[in-house]
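Colleague: Could you build all of it, start to finish, from the sequences and the hints given here?
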Amino acid sequence: MELRVGKKYRLGRKIGSGSFGDIYLGTNMTTGDEVAIKLESVKTKHPQLLYESKIYRILHGGLGIPTVRWYGVEGDYNVMVLDLLGPSLEDLFNYCGRRFKLKTVLMVADQLLSRLEYVHTKSFIHRDVKPDNFLIGLGKRQNVIHIIDFGLAKKYRDPRTHQHIPYRENKNLTGTARYASINTHIGIEQSRRDDLESLGYVLMYFIRGSLPWQGLKANTKKQKYERIMDRKMSTSTEQLCKGFPTEFRSYFEYCRSLRFEDRPDYAYLKRLFKELFYRKGFQYDNMFDWTVQNMQQERGRLGPERVPAAEAPGAGAAEEPEPADDPREKDRPPKASRDEERPKGTGERAANGERSADRDRSRSGQDNRNSGRSRQQQGSAAGSGRRRGDLADGPEER
1 MELRVGKKYR
11 LGRKIGSGSF
21 GDIYLGTNMT
31 TGDEVAIKLE
41 SVKTKHPQLL
51 YESKIYRILH
61 GGLGIPTVRW
71 YGVEGDYNVM
81 VLDLLGPSLE
91 DLFNYCGRRF
101 KLKTVLMVAD
111 QLLSRLEYVH
121 TKSFIHRDVK
131 PDNFLIGLGK
141 RQNVIHIIDF
151 GLAKKYRDPR
161 THQHIPYREN
171 KNLTGTARYA
181 SINTHIGIEQ
191 SRRDDLESLG
201 YVLMYFIRGS
211 LPWQGLKANT
221 KKQKYERIMD
231 RKMSTSTEQL
241 CKGFPTEFRS
251 YFEYCRSLRF
261 EDRPDYAYLK
271 RLFKELFYRK
281 GFQYDNMFDW
291 TVQNMQQERG
301 RLGPERVPAA
311 EAPGAGAAEE
321 PEPADDPREK
331 DRPPKASRDE
341 ERPKGTGERA
351 ANGERSADRD
361 RSRSGQDNRN
371 SGRSRQQQGS
381 AAGSGRRRGD
391 LADGPEER
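Per UniProt numbering, the very first residue in the sequence shown carries number 1; after that it's consecutive.
What the hints contain is simulated information worked out from the structure, not anything from laboratory work. A virtual CB, placed ideally from N, CA and C, is assigned to each residue, including glycine. Some hints could be false.
Said to hold, decoys possible - Here are the simulated BS3-like pairs of lysine-lysine, each with C-alpha atoms no more than 30 Å apart in a straight line:
hint, residue 1, residue 2
1, K103, K45
2, K101, K43
3, K45, K222
4, K122, K274
What the hints assert, rightly or not - Pairwise CB distance ranges, derived in the manner of DEER restraints:
hint, residue 1, residue 2, range
5, K242, G215, 45 to 53 Å
6, Q296, Q223, 42 to 50 Å
7, D110, G209, 15 to 23 Å
8, G215, H164, 33 to 41 Å
9, R10, R141, 18 to 26 Å
10, G215, K14, 40 to 48 Å
Modeller: In structure tokens:
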């Protein structure tokens, strides 16, 4: 029997799952376009799909922002229909042997800075910046990196008056510990500077292959987060960036110099990396490492194989985010246990609850120039299943 949603979308096979529900491949029966369809039970104790759809609509029109094509209720499910996207940067990182060359890192940095700047201009901070939450597009948008998963996003200022939220301390960690800013670790309310510091860790993860605080062992989640914080705080920017261009160290020093309410100078940060890019003699030709690898594979076979993350050389560990700690967000579920590492050999949330289940299959090796089936919002379960309050005022915290 054919299942339909929104009267015009045919529900296809399941391509992902998360704590909030499941993700399916869908088809627009009028145009034939493929879409991603997220389903969330109307009986769920902590619904979040409506909140997420509203944020996507606020951000609509920005480059690298997926479009919500339909939201509504069908039978026992809340349904959101979104653009279908390709693999995440984490998938592509695995596909490329868990290290990106400098050229790729700098091209990625330029796009991700632009995405965060756009989100910030709309008065939101993301609060879960990590490789899993950036996906490449399909077809003509294969070189555009999209930002997804606004389950932990928060309004940091009034959109009309630009009145900033107040500085607070003693906050629980919200986001993903591996990439969290130092201020987030020590309990300070997040603001724009924290998204940017997290991005810095993402860039170093890509160029180094790993971060110094990965793989730490502890008996409890709390102890593990303390160990991550201690290692992060004791690792100087000089140590973290040793062996790489000084621009990376300058990036961190700038981000950590920002005060709570400061508007970052995004143009300065982009210029920092662009000047390095051209000084190295690189061309902005969108020839990312994964693009080159696909081309090399095509020379030896009819088409590139799909390489699951677990089979990529040196496949490492991802980490799930911590939910927000907003006490007035009644519809947010209690925090689940989340460790730093995901078990090797799987691309989905496994026994120890590590990796976002919505990325349940890595499709990294798929041809980015014609990867119409590759992936979509599968990475977006990272913040899913824990939202949220009234969007009009943004999620509030005491």
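Colleague: Could you work out which of the previously given hints the structure breaks and list their numbers from low to high?
Modeller: 1, 2, 5 and 10
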